[in-house]
Structure formats: C-alpha cells, structure tokens
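Asks: Protein sequence lines, in the order shown, are assigned to chains P and H. Numbering-wise, the first sequence is residues 1 to 163 according to the working numbering. Numbering-wise, the second sequence is residues 1 to 427 according to the working numbering.
There are no misleading hints in this set.
Below, simulated SDA-like cross-link-like pairs (lysine to any residue); rule was C-alpha separation at most 25 Å, straight line:
1) H:K72 / P:T28
2) H:K42 / P:L150
3) H:K50 / P:L159
4) H:K42 / P:E162
5) H:K53 / H:G148
6) H:K50 / P:H31
7) H:K50 / P:A161
8) H:K53 / P:L159
9) H:K202 / H:T238
10) P:K10 / H:P400
11) H:K202 / H:A425
12) H:K53 / P:L160
13) H:K53 / H:R15
14) P:K10 / H:G184
15) H:K420 / H:I363
16) H:K72 / P:A37
17) H:K42 / P:H79
18) H:K42 / P:L103
19) H:K42 / P:G153
20) H:K42 / P:L163
21) H:K16 / P:E145
22) H:K72 / P:Q34
23) H:K42 / P:E35
24) H:K50 / P:L163
25) H:K42 / P:Q34
26) H:K50 / P:Y158
Source of the hints: derived by calculation from the structure; they are not laboratory data.
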Amino acid sequence: MTKTSHRIWKYGDNINTDVIFPGKYTYTISHDPQELARHALEDLDPTFAARARMGDVIVAGRNFGNGSSREQAVTCLKHAGVRAVIAHSFARIYYRNAINNGLLAIECPPIVDCVETGDLLKLDMAAHEIRACERTFAFAPLPAEVRVILDAGGLIPYLLAEL
Amino acid sequence: MPTLTEQILARASGRKRVVPGEIVVIEPDVTLSHDNSAAIAKIFAQLPHKRVKYPERLAITLDHAVPPPTPKHARNHAEIREFVRAQGIQRFYEVGRGICHQVLCEEGVVGPGMTLLGADSHSPHYGWLGAFSAGIGRSEVAALWATGQLWLRVPETLRINLTGSLRRGVTSKDLTLALIGRLGADGAAYMAVEFAGEGLAKLTPDSRAALTNMMAEMGAKSACIPPDDITWRWLRDTLARTRPQDYEQRLDFFEANALYPLADAQVARERTIDLSEVEPMVACPHTVDNTLPLSEVAGRRVDVGFIGTCTNGRLEDLAAAAELVSGRQLRARLLVIPASSLVLRDATEAGYITALLEAGAVIGTPGCGPCMGNHMGVLAPGEVCISSANRNFRGRMGEPTAEIYLANPAVVAASCLVGKLIHPADL
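Given these sequences and hints, build the entire structure.
Replies: Pasting the structure below:
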C-alpha cells in the first residue's frame, strides 16, 4: 500500500463527457494542459477546476464518461491533477481513452456508496486494492495485453517504446 | 454458433472463431475521423511514422463545425486539408458534403461485413448496413494511422427481436428512446446489439440508421442489422447516384463480403419488443434515459426546435417535418439541417425545403449543426429546445441552463408549430 492518501471528489451516475469537458471547446482546445485543466468538470461542478489538487481521485457511480469519444474528457482531468477515476462502471470509449492516456480507471462498485467528497483513500496498484472508510476493496486487474499500455503511460508512449 | 458480430470480428482478426471477453487485434477496413483530424495529426506527429500506413483506409469528413464559425475553427480545417494533401488521402469530404456517418454510407465507403473504427461516439451507426463499427479515441486513431491495427475486446451480444410494426406517428426514434429508457444509458454497456425478427422488414433504411446510431446512447460498442432486400436496394439506388462509374463492382464486393446471422447463435441476453406497443417518446433533460411517453409531458413550453444530426437528419425525417408544417406557420423557431448534401438536394427536389421555408423554418449547411454546442443554433440561457438529435446532456448545445428534449422529427415540427410539446395527431 502506498503511503500517499488521495483526496476524493464524489459524483453520481452517468457523468457524461459533455459535463466533464464541454463540446463547444473540442475543436479549439486540444493539447494545452492549463486550458484543458481550466474547463475540467465545468458544467458539473464549476468549483472543481480551481480546487482540485495533484493526486486527487474521483469516485463516481455507473457509466462514468458516457457520451462523446472526446479524449479531452480524460486529459482535462489528468491535467487538473486527478490520479484515478474509481467508478461503479465506465462507458467503453472513456475507459479506453483513460488507459490510452495513462489515467487510472478502476471499476470498484462497493466503494462507491461508502465514501464522500473530502474523504481519503489509498491505492495499491500492485495488489489491486483500495483502502478507504476502514475497509479494503479489491478490484480486478486489467488483461495483460491492456495493462502494458497503461504501464507505459498510455498508447503513444507504449508505441514509442515498442518501436 | 457465433453471432454476426463475432463472425465479422473473427474474419477481421484472422481467427477461426472468437468468443466474448477475448482480446483480438484487427486491421479495420476504414478508420474514420472528422474535425478532430488536426488534433489527431498532432498526436500522430509524436510517432516516428512519417507516412500513414494505409492511406486508402482513411476517411475524413469536415462536419462538426461547418462552415467554420471562428478563425480558430477555420485554421483547424486548414490544418486538416494540409494533412490530407500531404498524406494523399483520397476519401476526404469537404465542408457541406454532410455528416461523416451519412456520407460514408452514401459514398459506399462502408458496406456489409466490413469493419470501421472511428473517432466519433456514434460510430455504431454503420451496423445498419450489416457492418461492424465502433467508436474509439483520438490517440487510437493516431495509432491506426501509424500501424493499421488496434486491439478490441470481443463484446457479449444483446439480441433485440422486433415483432409487429410501428403505429402511425411512431418512428424508430421512439423505439430507441423506449429501449434506452427501459434498459438505461448503460443497458448495453460494452455489448454488441444485434437486431432480429420480422419487425425489421417494416423498417425503412433511414429509420434503421437512426436505430443503430442511437445504440451508442445505451452504451453499446456496436449495433447491427443483418443485410436484407431493403439494405441491398438502398445500396444499389444510392451508389448508382454517388459513384455511377464503379457502383456495380462495389456492390459485387459488398455481396461477396456480407455475413449473415446463423440460426443458433449464442447471445448473452435477449429482449423482444412488439413494435405496435411502442408509444411516441420523449427524453427529458438532462439524460437520454430520462424518457417519458410524450403524452405525459405534452404542453410543456418549447422555444426552439432542431431537426438534423446523424440520428435524424435524413430525407424521411425532413419529409415528416415538411408534411406537418406545410401551409402552416411556426410559433417557435425551427432549425433544419440536412444530414448531407444529397439529403438536401433530394429534399429540395421533393419540395420539402420550400414547405419548411414557407412555414418559417431556418435551413443550415449539412453537418452536425448545434448538436454538440459548437455553432449554428446554440441555445440561450433558460431556453427549452426540442430536438431530433441524440443527446440532451446539460450544456450539450452550448448553454448549461438550457433544457433539451429529444423526440422524433415529426414531434419536433409539431411542437414548433404550437410552441409546446405536442404529438402531431393532437394538432
């Protein structure tokens, strides 16, 4: 178990990509980390971007990241400092985008109802465990073919290392 | 026996048989991107590959913000044109040709049995032609440009059997909203949806496209309808117009390539829907699965209507709206954006555009329009919009305090005639 405690931001079900990163910015903001971070969760929690700190985690309900395929919905959180999104479940394109950009996306349904915004958790990626509210929650490891992409830091770093 | 989706993925990955849960690598026949192509090109530039591996497999449309509303958007398009020129991409569709999913079907880029991966969440669309197609992210498209291949997890299948036929005034859009309302926004998460049953024979090409397109809103990875006489007739009629020089060869290729469902295919889940029981439906703010029968929300205020998008911007949709508003005047503003230039041309020749204009509607350039809040009809604070599009998320049309209701195009047109939600039959 790592020593670091991660501060939790808790949200509900079906947190879609439009409230994570509004569509009106998708063709004008793509790569600038500060600009991406500034609009993170803009239409869900306008206070988030200013208050998020490096190492924070988001805990959410079902179907996190449904909607658009826009990858900024992942990178804006990453640049805002988010270490991991832990959810009951993810929308499939969001899940792929998270892995491909080195953002931890962890499916762990039982933790969702036991934590609140401001609580702390610890994350052990080697043991596939999360510790929070004085309990330990296990989560399923990624398939080996996919884990190598995440471990490389994302799809592009993975391809660069492969070549 | 394998499902239709499994048959397509097995062939695409060079395996005899694939099973759900397995990770396979495929080389998709088509890789789609649109206005996001400049951003993808920047990711591609991080890789050592100077050239796209299979330029003939790329398809790029300009559709999400067309014509460009700001110099930033215009520069984005200019960068894409430069990439297309430098890489020798032949299948590039300019501003005004239409929305990627409609255009690639009309142009015969995708057909039965083929595979497409696209940097667009409504990529399941092509299943209406019996193809396998799924949405992916921008980095993955950059990787496909470089290497030509990508991993996929073979999805479990949800089969939806359709019986009976839709009542008058009810469309496939109502069917999708009923399904999504019942099963939820993640009702088919990670799954392939396969439609089956005698009810399919009553569904027109345009309404089939709306059906597979909207399965994205149920979380599906892909959705498909087995090719039948309706599919082949549409392909022949359309390709004869868009590629008269080689449409016979293209159809021969599609026929040789098509795969069909096997009688005893094993699926993870199965549902049966009697089409005659589907009611006119509305998705209320701010999620697509927040559905109610239209009868329960009739009378709510409407400020503006929008008919268009890859979901419901086709000829059949414009025809339904034109028929309703013909000889009447709209009370609420109505924006109509045909899904493609071909749809616009056909709607003009059929008199639909004149009827819509005479009633007071506004016609926009073929493309995605205000669907994702970029331009051309975004909403004001507090406005209520009734839309034939696919998403009603908060802020989707550019303004978080606005409310978006989703419905079929006839309900949109009828509601704009009276300035409140109403079914055409109650006008």
